[in-house]
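J.: Whole structure, please, built from the sequences with the hints as guidance.
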Amino acid sequence: MEGAFFIKTGNLTAFSQQNILNCDHHQYDNWCHGTWYGMDSAFSWIVENGGLCTEKDFPYRGNNSTQCAPCSKVRGSKPTGVRDVGKNEAALLAAVAQQPVAVVIDASCPGWMQYKGGVWSKDCGTKLDHAVLVVGYGHDAGKDYWKVKNSMGVEWGERGYIRLERGLRGQGGRGICDIAANASFPIF
862 MEGAFFIKTG
872 NLTAFSQQNI
882 LNCDHHQYDN
892 WCHGTWYGMD
902 SAFSWIVENG
912 GLCTEKDFPY
922 RGNNSTQCAP
932 CSKVRGSKPT
942 GVRDVGKNEA
952 ALLAAVAQQP
962 VAVVIDASCP
972 GWMQYKGGVW
982 SKDCGTKLDH
992 AVLVVGYGHD
1002 AGKDYWKVKN
1012 SMGVEWGERG
1022 YIRLERGLRG
1032 QGGRGICDIA
1042 ANASFPIF
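First residue of the sequence shown? That's 862 in my numbering, and the numbers climb one at a time after it.
Treat the hints as calculated values from the structure; they're not laboratory data.
Certain hints may be false.
[To be verified] When the alpha-carbon atoms are kept at most 30 Å apart in a straight line, the in silico DSBU-like pairs for lysine-lysine are as follows: (1) K948 with K1008; (2) K983 with K939; (3) K1008 with K988; (4) K917 with K934; (5) K917 with K939; (6) K1004 with K983; (7) K948 with K917; (8) K934 with K977; (9) K1008 with K939; (10) K1004 with K917; (11) K977 with K939; (12) K1008 with K977.
[Claimed, not checked] Here are the in silico distance ranges between beta carbons for each label pair: (13) F867 with R922: 37 to 47 Å; (14) A955 with H886: 13 to 23 Å; (15) S969 with R936: 39 to 49 Å; (16) G1014 with G972: 11 to 21 Å.
For every residue, glycine included, the Cβ atom is placed at its ideal position computed from N, Cα and C.
T.: See the structure below:
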């Protein structure tokens, strides 16, 4: 949302995560536990809600309270819809060239939590269990990669990011850790 909103308006706004956690009660969201339908459902809720509040107005508490406090929505933060990306790396590449794309990956590999840097080339599989944000792509030391923002803070990985090898054969063209299996983004 923040990346798409910035591309649309030029304003980098920290949107409230807690606003979604407390107020979005779609059956598939499961309080952001990496569900298959969670991202599209959350984006759809933001459309229905008419946008989001700022992080400052509805700060993150890290709890699953169902108390939906009123707050002022950021003007223009209501997307017009949600777009699902084709289930292959070529479609994901085309989408990421336009804006950041939310994906669910398999992050169940041993060593994932201890990642410190470099291009990750180990394919974890197809058990989609962790939502992340693909923010870009590049090439380093002979390997193409996806630049992925994780939610574990700047102490993890490369200041909160991981580079996943791009273009590996396997998963039917969906890429390492099934990165292209479930990708979507909000439309403004």
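J.: Could you work out which earlier hints the structure fails to respect and list their numbers in ascending sequence?
T.: 2, 7, 8, 10, 11, 13, 14
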